[in-house]
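Go by the hints and put chain B onto chain A.
As given, the protein sequences belong to chains A and B, one line each in that order. Position 15, counted from 1, in the first sequence is what our numbering calls 17; the numbers after and before it change by one each time, with no gaps. Position 89, counted from 1, in the second sequence is what our numbering calls 281; the numbers after and before it change by one each time, with no gaps.
Please note that a few of the clues may not be correct.
Derived pair list, reagent style DSS-like, types lysine-lysine, alpha-carbon separation capped at 27 Å [unchecked claim]:
(1) A:K95 with A:K73
(2) A:K96 with B:K249
(3) A:K95 with B:K249
(4) A:K103 with A:K44
(5) A:K103 with B:K249
(6) A:K70 with A:K44
(7) A:K58 with A:K70
(8) A:K96 with A:K58
(9) B:K249 with A:K44
(10) A:K73 with A:K103
(11) A:K73 with A:K58
(12) A:K70 with A:K95
Output of the computed footprint for chain B on chain A, the stretches with three or more beta carbons under 8 Å from beta carbons of chain B [said to hold, decoys possible]:
(13) 11-23
(14) 47-53
Calculated from the structure, these hints are not laboratory results. Quick reminder that beta carbons are idealized off the backbone N, C-alpha and C, glycines included.
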Amino acid sequence: GESVGLHLPTLSVQEGDNSIINCAYSNSASDYFIWYKQESGKGPQFIIDIRSNMDKRQGQRVTVLLNKTVKHLSLQIAATQPGDSAVYFCAEKKSNFGNEKLTFGTGTRLTIIP
Amino acid sequence: IAGITQAPTSQILAAGRRMTLRCTQDMRHNAMYWYRQDLGLGLRLIHYSNTAGTTGKGEVPDGYSVSRANTDDFPLTLASAVPSQTSVYFCASSPGTSINEQFFGPGTRLTVL
Chain A
3 GESVGLHLPT
13 LSVQEGDNSI
23 INCAYSNSAS
33 DYFIWYKQES
43 GKGPQFIIDI
53 RSNMDKRQGQ
63 RVTVLLNKTV
73 KHLSLQIAAT
83 QPGDSAVYFC
93 AEKKSNFGNE
103 KLTFGTGTRL
113 TIIP
Chain B
193 IAGITQAPTS
203 QILAAGRRMT
213 LRCTQDMRHN
223 AMYWYRQDLG
233 LGLRLIHYSN
243 TAGTTGKGEV
253 PDGYSVSRAN
263 TDDFPLTLAS
273 AVPSQTSVYF
283 CASSPGTSIN
293 EQFFGPGTRL
303 TVL
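With the rest of the complex left out, here is chain A (with noise of 0.2 Å):
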């Protein structure tokens, strides 16, 4: 899961396993969530999104899902290929008389082993 500090949490999975990538939510107004994918020098990328009202989204190999009970949301990512290793971060969002507030995780490093 993600946390607050100066290390990143980390996962280790043997390529073509499965992993499941795990985000704890602060706020139970946010109305939408969003996985990121960072590669070591790049940008943040989007990978997938789901909103509030729904609890599973699946995209191709990857699913979100959202647990708003206890505000827990994850990324599960079939069949990893070293191509996913990167730090993968949520982020949630919270719409308040048209004004929206983006928070973002710290992330968790996955590493995909050949």
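Quick look at chain B alone, frame taken from chain A:
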């Protein structure tokens, strides 16, 4: 140009100097953003612009200023750099003013000594 470009890629700057980080997008996106990314912290919003001619303060605006003279460019200026501004800076844009999907640039690594 495809997407968002930032310049310079990296810079070492003496404290007290003025510095402008450049950001250009060619997607005709309305909204643009500047973030800083520090070890152990999530991305933090410095300033944003919902459309050309308007700007707003984000979470950590002190010591930074921005301008949005046109749709494509959104420069970030440090008027008098301090060591605490050492960070990686990312520019982002989104099609509308809703920040649902943001596209990020490659970043500028700034070191203030």
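Now the hints, each set against the structure:
1. A:K95 with A:K73: holds (13 Å)
2. A:K96 with B:K249: This hinted pair holds, its Cα atoms lying about 17 Å apart.
3. A:K95 with B:K249: holds (17 Å)
4. A:K103 with A:K44: This hinted pair holds, its Cα atoms lying about 23 Å apart.
5. A:K103 with B:K249: Holds, at roughly 12 Å.
6. A:K70 with A:K44: violated (31 Å)
7. A:K58 with A:K70: The given pair, whose Cα atoms are some 11 Å apart, holds under the 27 Å limit.
8. A:K96 with A:K58: Distance of about 19 Å is within 27 Å: holds.
9. B:K249 with A:K44: holds (25 Å)
10. A:K73 with A:K103: Answer holds: A:K73 to A:K103 is near 17 Å, not above 27 Å.
11. A:K73 with A:K58: Roughly 14 Å separates the two Cα atoms, so the pair holds.
12. A:K70 with A:K95: Holds, at roughly 14 Å.
13. 11-23: Coverage by chain B is violated here, the residue count being 0 at a Cβ distance below 8 Å.
14. 47-53: holds (count 3)
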